[in-house]
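Numbering-wise, the numbering used here comes out as the position in the sequence shown, counting from 1, plus 670.
In case anyone wonders, no lab produced these hints; they're calculated from the structure.
Among the hints, a few may not be true.
Claimed, not checked - Capping the alpha-carbon separation at 30 Å, the derived lysine-lysine pairs in BS3-like fashion look like this: (1) K952 to K906; (2) K784 to K796; (3) K969 to K906; (4) K1117 to K964; (5) K954 to K969; (6) K1127 to K952; (7) K784 to K954; (8) K946 to K1117; (9) K954 to K964; (10) K946 to K1145; (11) K1127 to K969.
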Amino acid sequence: MKATSCLQCREAKRRCVKRTIDAPCSNCQRKNIACSSHVVSSQTTPAPKENQELLPGLTDELAVEFVESYLTHLDGRPNSIFHQETLRRQVRRREIGDALLYSICALGSKFSPKSEHRALEALLTKEAKRLVQADLENVCIENVQTCILLSLLSAGNCHTSSETLFLRIAIGMAEVLQLNFSADEPSIASETALRTWWSLYILDRWCSSGLGIPRHLDNPHCPDSSPLPIDETSFKRLSPSSLAQNPRRTSGIFAHMVTLIQHFGQIQGLNRAMAKGAMAPKVKCDAIKVIGQKLESWKASLSENMQMTVQNIYSHQQNDLGGHFIALHLVFHHLSALVYFNSLETKEQSYMGQEDHVALCKSHASSFSSMLHTSRQMSGCQQNYPTVGHMTTVASAVLLHTLLLGEPEDIPKARQELNTNFEALIELRQYWPATEAMINRLMTFQKLCLLSTESHKLDGWMVRFLLEHSLGLMKRNFPTIPQTLDIESEDFTTRTNELLQEGRYTDFDLFNQS
């Protein structure tokens, strides 16, 4: 969506520039005339602070604690919608709307070590929903941010319809407010608006994929119509009374996430097309190569400090960006594994270069798993947002291929990575109930792998497994070996025990009980 010029600038054929999102343009201000693109004040009024008193059980001190918990565990990973110091100041001074405060606190409470604090999540979420629903006609950035957070809460708590509803409301408000417009010189307000816009762009890609519905922000003007966010360090240094010291826009982690996620739509389209089974081998191979090369070009274009190295992880960790940095590269490996997943479906080579694609798919799944394990060992680098559960399940499905069908020398590494992935899922489940469905999907998939050599065949069922993570798995019909083999049969139990002895089977139930 392009930012529109006001009528006055259009008629005069002048460039229309606004200092902030909700201000009239500089030309109209200079001439002291009404600006047609100026959003009326009723639409930009901050969300109301309904009560002087907070909800029962939520003190001012606890609210500050929950906000810090949110900033530590989630901010900058699934989305980037706050200038941290501004948010802290607004919370301390009670200058933040109740709906937004409660939605932040609901997310932050998830990570509290105290059960009585975690128990506040349901009440906080319910009240945040009530307040924002009563204030829907107030189109302001606070309500956009609130709806984004309520969408995240809904996604992680198994309420997929609400996830989509709140996200679409946020997108609609953002379009009205033209949040994708940015002033020439970055300010806290303009950069927060821009980051909120791009967060919606990214979330729209994930949410629509998870439910198998069309993307809303997928059009020819996006993302070319809007500047990318400035780097995290410059954004952090912005103060209310000053503009950026360096007006040159340098891309940071979040900007790179935007350019990476651009490829997600094409990857989804390719997998859906291949699943129909009508694509000729050479056409399939060429299409895979094209997207694979685009992802590699994206990686090669990263500056030296953005490349995945141990030194860079520590460097970003020192700047409180370790989790953001690892999240970026996890998504890269996830998307890359999706590109090459089709190559796993048969042991016989169906097109030239398939063996190379198999190796690439397994390499990306292994890198994802190793990186996820590393993130869990480092302070401030943990990946605690819902989508991680889905990405981990996809990587584990690739590892299962190695475990069951790979060479003996590859088994120990694949088994170890599969085990640490499952441990990560169990850990994630304590925060996000939706992770339980991801665990069940992985356990179901392993059982199907034991029933057939076509378990990794890219069909409609596998598309749902790989992409539509918010939908339940259907019954899968494919040939079993032998035909009499069934999950409930003694033969299946015998085969499971044999593979367990060979180290080719992981008993996920043992992890699940711990």
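Violations among the numbered hints: 1, 4, 7
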